[in-house]
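Construct the entire structure; sequences and hints are all you get.
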Amino acid sequence: MVALVDCNNFYASCERVFQPALMGRPIVVLSNNDGCVIARSNEAKALGVAMGAPWFKVSRRFQALGVQVFSSNYALYGDLSRRVMQVLARFSPRLEVYSIDECFLDLSSWRGDRTALGAEIVHTVQQWTGLPVSVGLAPTKTLAKVANRMAKAGHGAGGAVLDWTQWPAQRETLAALPVEDVWGVSTRWGARLRQMGIATALALAEANPTRLRKVFSVVLERTARELAGQSCLPLELVPPSQRQIMVSRSFGQRLTQREELEAALTAFAMRAGEKLRRQRLRTRVVSVFVHTSPFDRAASHYANAATLVLEHPTRDSGRLVRSALQGLGRIFRPGLAYQRAGVLLPDLAPEQVEQGVLFSSAPGDNARSDRLMDCLDALNRSPARRAVGYASELQGHAWRMRQRHKSPASLSNWHDLPIVHAR
DNA sequence: TCTGGGGTCCTAGGACCC
DNA sequence: TCTGGGGTCCTAGGACCC
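Numbering (the numbering used here), first residue to last: -3 to 419.
Hints may contain errors.
[What the hints assert, rightly or not] Subject to a maximum C-alpha distance of 25 Å in a straight line, what follows is the list of computed SDA-like cross-link-like pairs (lysine to any residue):
1) K53 x R78
2) K271 x R239
3) K148 x M47
4) K402 x A383
5) K148 x A85
6) K271 x G360
If you're looking for bench data, these hints aren't it; they were derived computationally from the structure.
What follows is the structure, encoded as structure tokens:
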């Protein structure tokens, strides 16, 4: 038995925690660079704001309707997410943090009233973090997703809680659920399934699993079996080690100068190094990519990547920066308007095990480099954020993203701490 | 003027091994 | 006329997730 706890309209709800006056009002949160709509409050959904809509195209219309807009504030969302997960861990030590706003809990050993437990989870998270959540209970993860969806729609017996095993209208619910709304089925597979006459979750649950595996893959077969009540996706209680690290951004404006791109890639490589070291990993490969905007009509689209295989795995930001700039040298074409770039570390290894190299001339990371990196990380940790870096980052700042509607970092910056006045 | 940023898994095919 | 049978590893591409 598994519970899926999912925060309602997470980013929008986070913005309300420190601005309660926004309760009941339509809110949207934008992607980096204030590009697209990536989260909407229920009120904004009701007004017809589409998920993924380019904000510059629809902002006039919706701001006239009173929609409040926010740039994304991941410092805030990440901190609130951590707090929610801490609360949930009190209810079951066996949990899988599935995403920034979702968590699966193993309740198979819970003997009490499950709906009551769900209601207590909803109440506690609300009271301790200020965030609304919904709970779906079911024998499989995929069905827990369905149950959560029903709970959010207000069908649950306990308000925001729905126990699938107690739900009298299972078949009707699955029959009314479009197949592409099932977890693990998106538009492409949905279209192909419809061609096969499988248009609803019920039809998928009753489809022949072997045929699904043959036509699609074992992934869809599992989804179908899960819908039919057979658990195929175990809880991942221990998060597996990360396989790759990526840092990439769209620029605040188009870049044409190589030095500007170098500045951006320096910052990205630095950030990648921080992520690498936080997880106690090294990388053997540094890949760098740039591209122009696919939406720019004037010029033809250019996208390219360069991959550098290092002689020794490294966790040294200096090495990452040098490799990234070297890679850029291979793919930079003058005269283009670059819109985005990134650094990818696709081949990670644990920090402490290192494969030796038989014919090696270059030195790998040494104790001195390790100490330097630890020192760098210590200096750059909050509150002295971004205290020390590499000089090539100073060659330009035009790449930095637009964030015209950002709320304060109320939980992660002393200067942004809310002040409560008492009388 | 302006269109996000991360990740994962699976499969097929090619290269290699004995 | 005719040329085996079993493996592994790696990568690219395509799908999915939030």
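Let me make sure I understand: some of the numbered hints might not hold for this structure. Which ones are they, in numerical order?
Those not satisfied come down to hint 1.
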